[in-house]
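Those protein sequence lines, which keep their order, are chains A and B.
Under the working numbering, think of the first position of the first sequence as 1, with each following residue one higher.
Under the working numbering, think of the first position of the second sequence as 93, with each following residue one higher.
Misleading hints may appear alongside valid ones.
[Stated by the list, open to error] Below, in silico cross-link-like pairs of lysine to any residue (SDA-like), each with a Cα-Cα straight-line distance of 20 Å or less:
no., chain 1, residue 1, chain 2, residue 2
1, B, Lys-103, A, Lys-86
2, B, Lys-103, A, Asn-34
3, B, Lys-283, A, Glu-41
4, B, Lys-163, B, Glu-173
5, B, Lys-103, A, Asp-46
6, B, Lys-125, B, Lys-272
7, B, Lys-199, B, Tyr-172
8, A, Lys-86, A, Asp-46
9, B, Lys-283, B, Arg-260
10, B, Lys-272, A, Ala-20
11, B, Lys-256, A, Asp-18
12, B, Lys-124, B, Lys-283
13, B, Lys-103, A, Asp-56
14, B, Lys-256, B, Arg-221
15, B, Lys-256, B, Asp-228
16, B, Lys-103, A, Leu-26
17, B, Lys-283, A, Pro-68
18, B, Lys-103, A, Lys-87
19, B, Lys-283, A, Arg-25
20, B, Lys-283, A, Asp-31
21, B, Lys-199, B, Leu-166
22, B, Lys-283, A, Pro-81
23, B, Lys-272, A, Asp-18
24, B, Lys-283, A, Thr-69
25, B, Lys-256, B, Gly-215
26, A, Lys-87, A, Thr-67
27, B, Lys-103, A, Ala-27
28, B, Lys-283, A, Glu-61
These aren't lab readings, by the way, just hints derived from the structure by calculation.
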Amino acid sequence: MFALLPKLFRREKTRSRDIAMERLRLALVHDRVNVSPQTMEGLRQDMIYAISNYMDVDAQEVAVKLTPTGAAQVALVASIPVNRMKKDALRD
Amino acid sequence: MGEVIVITSGKGGVGKTTATANLGIGLALLGKKVVLIDTDIGLRNLDVIVGLENRIVYDLVDVVEGNCRMKQALIRDKRYESLYLLPAAQTKDKTAVSPDQMQRLCKELAQDFDFVLIDCPAGIEQGFRNAIAGADSAIVVTTPEVAAVRDADRIIGLLEAEGKSRPRLIVNRIRPQMVKAGDMMAADDVKDILGVELLGVVPEDEYIVIATNRGEPVVATPTSAAGRAFRDIVRRMAGEDVPIMPLDADDGGFFGKLRRMFNAKEG
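Chain B on its own, in the form it takes in the complex:
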């Protein structure tokens, strides 16, 4: 039996879908068999982030309604052998699927896959209820901002009420220079306020924009700082003991830059 994990945040725009795509591809690169499920019915995006938008024939609602078999709806990513996507329907709404149906669907997929990652829509309404219904555990994504952390706290409360205990936290879009200057909350500040386990810290990275434009998530890009952070996170998810590296605002001057240039080439 594989692990079913929901990636959620409460607030929109904090990087849930980007995180789901990167974690999925990262795990696939480690040799895990992974399926990504987009549960944002009516506003699907995960297909675009992963770069599979042109290959959709059937979707989540088709599977649930029995219009097709599960195998027909799963899109296999040709770039990463063991990665599959189950896209959301674009023309229906959240009521097209029920929490019970999601539970059954997740159970079925967990038979065949090592990881079932569910991309949750923003908000706390039915889309959220559907997304968490079949999950064994949750990853909460937030950014170091008051509104995002506040919503994350609400989500953690709701997850715990639903028996999804001990959610793990990803703090996204950290700017080390601003943290150092005292103008941004540090990942540890956010972790302490929310009182949950920190799974990883992802720095703000312009490369995310480029990767999203291309439909090729950063986790596979050796030189991307965010990509490196996601690679560490998937190793933790796979059970490896990888310490959370402090994101250093200080680049180590000329020699530090030079050293990293060589490291990047080696890596």
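Excised from the complex, chain A in its bound form:
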């Protein structure tokens, strides 16, 4: 019965130490590569334009971001919801 007590009182949120680490990692990725939000938006628009030749994407929902993948490594991660393929793209 006493074993249950800590569980009852434990807060169900993530430890703020971990939140701080995660926020720092993300902030530092952008600081270190020195990319402006304008550059990221330009990249996003260009990707939508290029992909639109092949498929119909939900432009509002396209998200492009940099994420840390290691101590000194960064990956460009894009989430691009596709509505449908374009007919002429399928024919080729």
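Starting from the structure of chain A, add chain B where the hints point.
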């Protein structure tokens, strides 16, 4: 030739000046000949922290402009035989000194002193450029907070771009209980994120407030936890192999407290 070390942080209020004062006095207590330079022109503070504010006649800008000789501007601390202070000017601004002039000044001082410690102003503008110009290496001070660590990362990038490679890190104002509860980043977390060598960890200590009020930095106070941490750091700076003690949140109960009381009396 002595070592010229800049103490910097990017963000203000993390304990740069307090650290500079404590490291300087700590090294002097080890018998090293030390000079502290305050480069925060217009906002000088190091003199107050060390408790020498009443003895300033000439300052850094006077030396650079040739209004006095170096010897006239250096204030010798009567409490610690081998400690000197070169104060910042209070009525000028950062443009009164150039990086070239700082380089020459540091080179001159390194002839006479074992350690030349430069207290850097907050920010990344000219005051920062001046402070790092003459330094051989850097100590970066930060606290375990997102904003301070982020600024420290910027500073480390700028230092490396200026060829001040391998800066060493002091994580200041750690609260062991909060780290244990998962509500504060640990010194190792900060070290891993910044990817630099950890020089020391200084716990939050109310005694710092008292020491600052008195103008007598904590490094000379045997019972202060922060003082103990600074004493370990200066021994590392002097080349001794001193392990970084884990700051234990658990005080060991009644017997732990009793044991420490006796240890403090012995020490």
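Just to be careful, I want the Cα atoms of Lys-272/B and Ala-20/A compared with a cutoff of 20 Å; is the pair within it? holds, 15 Å
Distance restraint between Lys-124/B and Lys-283/B, which requires alpha-carbon spacing of 20 Å or less: Measuring from Cα to Cα gives roughly 28 Å; hence the hint is violated.
Checking one constraint from the list: CA of Lys-256/B to CA of Asp-18/A, max 20 Å. Satisfied? Given that 20 Å is the threshold and the Cα spacing comes to 31 Å, the pair is violated.
Quick one, are Lys-199/B and Leu-166/B close enough, alpha carbons at most 20 Å? holds, 15 Å
Straight-line alpha-carbon gap Lys-87/A to Thr-67/A, limit 20 Å: violated, 34 Å
Taking only the CA atoms, is the gap from Lys-283/B to Arg-25/A under or equal to 20 Å? Since the Cα atoms of Lys-283/B and Arg-25/A sit roughly 13 Å apart, the hinted pair holds (cutoff 20 Å).
Straight-line Cα separation of Lys-256/B and Asp-228/B no greater than 20 Å? Since the Cα atoms of Lys-256/B and Asp-228/B sit roughly 7 Å apart, the hinted pair holds (cutoff 20 Å).
Between Lys-256/B and Arg-221/B, is the straight-line Cα distance small enough, at 20 Å or below? holds, 12 Å
Measure nothing beyond the straight line between the CA atoms of Lys-283/B and Pro-68/A; if it is 20 Å or shorter, mark the hint as holding. Holds, at about 17 Å.
Given the hint that Lys-103/B pairs with Lys-87/A, test it: the Cα-Cα distance must not exceed 20 Å. violated, 56 Å
Lys-125/B paired with Lys-272/B [C-alpha distance capped at 20 Å]: Outside the cut-off at roughly 39 Å; violated.
What's the verdict on Lys-103/B and Lys-86/A, does the C-alpha distance respect the 20 Å limit or exceed it? Roughly 52 Å separates the two Cα atoms, so the pair is violated.
When each numbered hint is compared with the structure, violations occur for hints 1, 3, 5, 6, 7, 11, 12, 13, 18, 22, 26 and 28.
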